[in-house]
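All chains, full assembly: derive it from the sequences and hints.
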Amino acid sequence: MSAQPSASRTPPIAGRRIRIKVKRADGPGKPSRWEEFEVQPEPNANIISVLQQIAANPVTAEGDHTSPVAWDSGCLEEVCGACTMVINGRVRQSCSCLIDDIAPAPGDVITLEPMEKFPVVRDLWVDRARLFHNLKRVKAWVPIDGTYSLGHGPTESAAQQAVRYVLSTCMSCGCCLEACPQFTLEDDETRWDTTFIGAHAISQARLFNMHETGRQTKADRLDALLGPGGVSDCGNAQNCVKVCPKEIPLTESIAAIGRATTLHAIAQWFSGR
Amino acid sequence: MSTRQGFLERRYFLLRRLHSLTGIVPIGLFLIMHLTTNSSIVWGMMNKRADHSAHAVSERGVATFQEEVNWINGLPAILLIEIVLWLSIAFHAVFGVYYARTGRFNTDRYRYQDNWRYMLQRITGYIALLFIFYHVATLRWGWSWLVPGGTTWDHAYASSTLAAALRGSADGNVTIGGVLVSLFYVLGVTSSVFHFANGLWTAAITWGITISVQAQRRWGMVCLGLGTGLMAMAWASIIGFATLDPRKAQIVEERMLGTHAPPAPEATPPPAESPPEP
Amino acid sequence: MMQHRVIVVGGGLAGLAATIRIAEAGLPVDLFSMVPVKRSHSVCAQGGINACNEVARQQGYSEYQHFDETVYGGDFLADQPPVLEMANFAPRVIDLLDRMGVPFNRTPEGRRDLRLFGGSLFKRTHFSGATTGQQLMYALDEQTRRYEAEGKVHKYEFWEFLWPVIIDGRCVGIVAQDMRTMQIRAFRADAVVIATGGCGLVFGKSTNSIMCTGGAAARCYQAGVWYANPEMIQVHPTAIPGADKCRLMSESARGEGGRVWVPRKKGDTRPPREIPEAERYYFLEERYPKYGNLVPRDIATREIFDICVSHGLGVGGERVVYLDLTHKDPDYLTRKLGGILEIYEKFVGEDPRKVPMKIFPAVHYSMGGLWTTYTRGRYNPPEPAPEHKAGMAPPVSCEPGAGIAQGAPDNMMTNIRGLYAFGEVNFAYHGANRLGANALLNCIFDGIYNGVSVVNFIRDDVPSRQPAESLPPAPFTDAVEREEAKVRRLIETARTGADAQLSPYQIGKELGDEMTAACTVVKSGPRLEQCLVRLDELKSRYTQVQLADAAAWSNQSVSYARAVGDMLILAEIIARASLMRRESRGAHYRTDFPDRHDDEFMKTTVCAFSAQGHDISYRPVDAGLVRPRARTYGKTEG
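Chains as they are written, first to last, in the working numbering: chain A, 1 to 273; chain Y, 274 to 551; chain D, 552 to 1189.
Source of the hints: derived by calculation from the structure; they are not laboratory data.
All values reported here derive from a predicted model rather than from experimental measurement.
Here a beta-carbon is modelled for each residue, glycine too, at the ideal position from N, C-alpha and C.
Hints should not be assumed to be uniformly reliable.
[Claimed, not checked] Interface residues of chain D toward chain A, partial, derived using beta-carbon atoms under 8 Å:
1. Arg696
2. Arg697
3. Arg798
4. Gly958
5. Thr1044
6. Thr1047
7. Tyr1056
8. Gln1107
Rendered as structure tokens:
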């Protein structure tokens, strides 16, 4: 199938050969190196299909045999978040990065790097355990009474559903953290609870605070966000919202939690806690 | 998190909010006042009330500024106000530097306007800190060894001694050192004003006053307007003082102190209040 | 006292639902997944989840009719009692998800909104935008994280299941490998729940995620678990063909009014919007006036295939047809289908609100899977009932236990005691074809309803007398050694300048191409025979597979090469069972046997692995609740 190129796109040249520069490392703490591959992308190819080509025939542009590049991937339709990497200097999902868009001419070069805010497992594959850990910090769940049949959930206005739905499309890909100047690599797990939690978790706290049942643990979530590494560590660079592939209004979430924590702290102060 | 936390951890939120608050009150508020006062060297030219001690239009600026300085110096508990201000600045600076050091700039990769401002906020913070220290040390604490030409500021001779510092010599001749000081002043006040205006914008997000993108944009326009106004005052002040001849200014000041003989009557234009000769 | 433990393999909807239910009952769960569980393939499900609801009920619909539709949609190949239980329990699943905070779309009054889906004339599909699977996944992921934070669940993410440890027909643990460190370890458990989903990658490009190789199911099969109905592979009618995979274009696009058409004139090169209404061939609407674009998937798929392949009417002569939403209000579309329209826009570069989408069928779901059993419930009619029509009183109430006995330890247990199969990996609910929006239901129903069976098995059955912890270590260490030897053998094949023809990636690709050509929409005896010859050739090449990576750390080639071996096994039973089922039923369509033969083939294909090969036999279908009838969906002849 050949898609009509959209107006903004330079028409890609069929049969062209392009170069893929990959920043590789054999494991955590191992030195990194660059390897370059030359590939002929299929029409409508994305980064994944190019990496698959390289895996099937791992020979560098110089003709040296090497090992297949390791990378993380899953759904390949930008809904699981696994294949996030830094492409031409910008963090994004590699599945939805079309070669025709970013390398339309012969000889174009695409650079692939692992996310730098998470420890490398190997090559482009990083360990984002901290990201999930941070969801625990803000108790990102609705505290239900268990899975027994206890009737339906709270009714909700269509307008509120629309807000919650968007917040709930966060796939924990980590783009917001990679682009955030306040979120830095932290190998030491013991420091995870006191270093910046990141936009995604703050936004999830907002999501659950908005839910009628979720609201019951609102104070816990806000308490977690008052401490070191909480919402006040946000530096308002607002990169998060610009790189979020799901266009989640992360900066609005940060501001909303800013308001909630302000009110919460004042209430706490006056209630003597 | 462990239950045994240090003061910083337990009071983290309070400290962060105090950091934000001190930037606005008193520091930001003082900045507005201070720039208003200083820019009187320019807007004072339109101040007809200053005519009793000034004769030329340019002299009105000097006179107005002197009046402002006198008024401030006449405030009750001025030292207390100053100490509160210094402590606020010290607190804001110490924590600001500490917080700034937790981030890593990445404008090389994410070239968004907001990200540039994030970086500038921190850089201007460092510059402003240096500048304010220099400014207070030389003009308030009299560390004249830091001033080219070795002049000291005297609140009774507010304009002339300031002009001397900016020009780099007591006699008002412009020296290289003076040019450097003036440029440093331009950089310093520009940084301070940016830091304040941008900080005011982010504070509204931090405190949760502006939540929606639209609200943030609207408040951004307000901060931009305020910043532009302050910037105009700041630059006007520097230009005003740097282009002022300290000797001429001193004449006005001495006249206001009553230590200088009034100039010959013929040189004096008639006071505006007095009706023209019938 | 010894601590009982449960292992759940797979962190998709079924695995997480089981984890939550079992952890809630007080049994610690070790949860294994090749990916961080939040990234499981269930997130790809788009359209919705079926359940009878108050509005449909007052229009004459019922849980029982949902059951009838599912059995009819599955062409009477499913054992009926579990299907009845699932349909009856469905509204409780929705309520539970609602309580967990799933942002279901809402009506103006704030109630859960509903949409139309294939195989039904009633709105009975609950949805959350067009990313319902993702939203349900996240709700379960959050609850799992809650139990993890409480120490009741331990996650082993980036761990690959390698083998079930089976002693005397009882599963007592698993062997798994850390995909990062490559460490291989045995884990003991009193029950193991396999919830590893489908096997789309056997067909190369499918709508499935990259880890859906069917490897776990194939390993269980080789360890002695029966595999049922492997030939029943659902090909989704509407997918976006791509270089790396085929991306699903949800059935909800048709549920919300999408129309499928091609230009009437062969080779019409005009842009779609310039083709007047009269010159468009809405072939599904014309051929199936009653269900129109919402015929079940196997039918839509075959019709699209027929239009493109047999009639050469595909758009531009290619194998694509239009799926057209351009007559709908763009804002409405964004609200109801935003997620999937974005996918199309991102991957094709055109706005489906303005230009009809170009789609073609792609392998999507495996109705077959590990064989499981159950204990029949209280509803045992003397005679199977005739077709259920709207408005008729259901013959049975929907209290739990009508279809299968609630909490019976053998519900969804395989032929190996203590080894359960939940979700897509089992064969239990969809017969020969799955109706849209029944998969999510199936997964969560298994976890929530049958999770209790796992708990009861541990409390009342063998484990209570002989906990896995008390067993001697030898079988576990032996199993680890066997797996280590397999890995060693694969790594030893690694060399620089490996033969590209012997690369696992090349073998995998050829396998996919062959299986897609021979075992999907249209099958025939001769082609299947040819396919089996081809599979033999690939198998012999696989014995000489050569890796290009000898690393002892995070070696993805090892994992993939191992999976290729497993996919070859699955491919073989898929092709063999397809060849042996000399009839057409549901998704299985044989050109040489185009009719359904209930006498001979209303039976479950059961494959058992042995050293000699695959032992394929048939077991009767439990069709005691509804009498089989012709499955036509009101097709008009001509």
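A quick look at each hint next to the structure:
1. The beta carbon of Arg696 of chain D is positioned within 8 Å of a beta carbon in chain A (closest approach about 6 Å), and the interface hint is therefore held.
2. For Arg697 of chain D, the interface hint holds, the least distance from its beta-carbon to any beta-carbon of chain A being 5 Å, beneath 8 Å.
3. Look at Arg798 of chain D: its Cβ gets to within about 5 Å of chain A, closer than 8 Å, so that hint holds up.
4. Taking 8 Å as the C-beta contact cut-off toward chain A, the hint placing Gly958 of chain D at the interface is violated, the least distance being around 13 Å.
5. At about 13 Å, the closest approach between the beta carbon of Thr1044 of chain D and any beta carbon in chain A exceeds 8 Å, and the interface hint on this residue is violated.
6. Of the supplied interface hints, the one on Thr1047 of chain D holds, with its beta-carbon coming within about 4 Å of a beta-carbon of chain A, less than 8 Å.
7. For Tyr1056 of chain D, the shortest C-beta to C-beta distance to chain A is roughly 4 Å, which falls under 8 Å, so the interface hint holds.
8. The closest approach between the C-beta of Gln1107 of chain D and any C-beta of chain A is roughly 5 Å, which is under the 8 Å cut-off, so the hint is satisfied.
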